[in-house]
Amino acid sequence: MKLPIFLDNHSTTPMDPRVLEAMLPYFVEKFGNAASRNHAFGWAAEEGVEQARKQIAKLIKADSKEIVFTSGATESDNLALKGSLEMYKEKGTHIITATTEHRAVLDTAKSLEAKGLATVTYLPVDKFGMVNPQDVQNAITDKTILISVMLANNEIGTINPIQEIGKIAKARGVLFHCDATQGVGKIPVDVQVMGIDLMSFSAHKLYGPKGIGALYVRKRNPRVRIAAQMDGGGHERGMRSGTLPVPLIVGFGKACEICEQEMTVETARLTKMRDRLQTDIMTALEESYLNGHPANRLPGNLNISFAYVEGESLLMGMKDIALSSGSACTSATLEPSYVLRALGVGTELAHSSIRFGLGRFNTDDEIDYTIKKVIEVVTKLREMSPLYEMAKEGVDLKSVQWAAH
Amino acid sequence: MAYSDKVVDHFNNPRNMGSFKKDEEGVGTGMVGAPECGDVMKLQIKVQNDTIVDAKFKTFGCGSAIASSSLATEWLKGKTIEEAQKIKNTDIVQELNLPPVKIHCSVLAEDAIKAALTDYQQKADTQPIDTK
Chain A
1 MKLPIFLDNH STTPMDPRVL EAMLPYFVEK FGNAASRNHA FGWAAEEGVE QARKQIAKLI
61 KADSKEIVFT SGATESDNLA LKGSLEMYKE KGTHIITATT EHRAVLDTAK SLEAKGLATV
121 TYLPVDKFGM VNPQDVQNAI TDKTILISVM LANNEIGTIN PIQEIGKIAK ARGVLFHCDA
181 TQGVGKIPVD VQVMGIDLMS FSAHKLYGPK GIGALYVRKR NPRVRIAAQM DGGGHERGMR
241 SGTLPVPLIV GFGKACEICE QEMTVETARL TKMRDRLQTD IMTALEESYL NGHPANRLPG
301 NLNISFAYVE GESLLMGMKD IALSSGSACT SATLEPSYVL RALGVGTELA HSSIRFGLGR
361 FNTDDEIDYT IKKVIEVVTK LREMSPLYEM AKEGVDLKSV QWAAH
Chain B
406 MAYSDKVVDH FNNPRNMGSF KKDEEGVGTG MVGAPECGDV MKLQIKVQND TIVDAKFKTF
466 GCGSAIASSS LATEWLKGKT IEEAQKIKNT DIVQELNLPP VKIHCSVLAE DAIKAALTDY
526 QQKADTQPID TK
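Line by line, the protein sequences are chains A and B.
Per the working numbering, residue 1 is the first one in the first sequence, and the count goes up by one each step.
Per the working numbering, residue 406 is the first one in the second sequence, and the count goes up by one each step.
Because the hints were derived from the structure by calculation, they are not lab data.
Glycine included, each C-beta is placed from N, C-alpha and C at the ideal position.
Possibly wrong hints are sitting among the right ones.
[Said to hold, decoys possible] The calculated lysine-lysine pairs, modelled on BS3-like cross-linking and capped at a C-alpha distance of 30 Å, are:
(1) K319/A to K491/B
(2) K58/A to K127/A
(3) K54/A to K210/A
(4) K519/B to K392/A
(5) K65/A to K82/A
(6) K411/B to K398/A
(7) K380/A to K411/B
(8) K427/B to K380/A
(9) K65/A to K91/A
(10) K411/B to K528/B
(11) K392/A to K482/B
(12) K427/B to K519/B
(13) K30/A to K427/B
[Stated by the list, open to error] Under 10 Å between C-beta atoms, here's a sample of chain A residues computed to sit facing chain B:
(14) M239
(15) G242
(16) L244
(17) P336
(18) S352
(19) W402
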């Protein structure tokens, strides 16, 4: 086992060596511009791109013509929201989304609001982080043109009832955008069954290269149109201009193909490792709380709050394990994770949260090491915590008058 | 963001971590911060003949908050009350090489020192002299 251990697979994933191998010929040998229609260099590049388009489309049960390449999910989210609003603004300017969305969606929505281009409804979530389809239904007005709800949350891994929301959107004639960045390649995605019209995802979350993503844009039933936000050569059916990064696209395709072929086996393996990590840690450490949905969650996700211990110090104590915290000790606002806050998790427990993100290349040995280390460090930091001491003395921490700063 | 060697050292080997009994003679206790803000520091001093003979801390907070309070206890030991009053948060920032986002940790440590000194003085003022 090698240190440090990478357990932050929601932030990004290491590239699968098979993906790199597929990409290599497209740097020096097949370097052509996929838009060059008149010579062999262009044809070779185009062939690589079209094969990748098929591999990607197959993973999400779409048609390859419905894949629009972007620089990543952030761009896809921007394009989906801004592009559909611009295209359908005559019909209405109301957008529905949820409070736990990724900032690529939330900040885009807020920017549209600030410019006076849209009105936005931010739906609350339940204590597990799930959007209630009934809330979506109730929020729709005759001015609503777009619903944007994520497939799986990047912090707590909770999976939303996408199919039900898709049905509601279709029944009311509203477009449905889904930020599926954390879900594609990890759990089955079917844009037909789920009723998705626009969907964002990216390669580097599924063992592909960074710098390439896609927006799925439905072509039939209904034919969805979006206004380009990048003008130029009219690539990607006019929706996103810019020379295609062929090696990245080829890698994206290969990564999707591997995910499609290995998803069943990988899900079983990750779920087993994750459950062991969860059970062993939570059994050993009193007052540890699971954040997110207990069952309806991404296979590699585990988010736990350890009462009386601050998240960043936990990460510092486990410096040979790459993890993430909902603590905000580095942010100027001192506001911890807005996702955990939206679930109703208290601010102090939000500061105490750690996100474990398991992925394809994690091993049982690494999980053993992590379990041992987490228990050791939480115990040590609790010994150091005045809050733990007070709680042990029977002081109700909520009754204390804190000198807030 | 990388931590300075000194912060890492204090975090891994905290000095004077622990507690005195609050009602022990000569002990002053300062507790500052709030759980919602992500840091709470408890700093205690033990005073004999106007000199701080011992100090202890417990901290809920990030590595820099732990290091700031650990360093504070180190500095307090052996100082007179008057000297202790002069410890400034900027001294802590300099010693630990804290980045701007962590300056509030040093402010909290200074507040904790002040609170412990005030508590000690209040207790000393109200304590009848002839109790044994």
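Subject >> Hint check, failures only >> reply: When the structure is compared with the hints, numbers 1, 2, 6, 10, 13, 14, 15 and 16 turn out to be violated.
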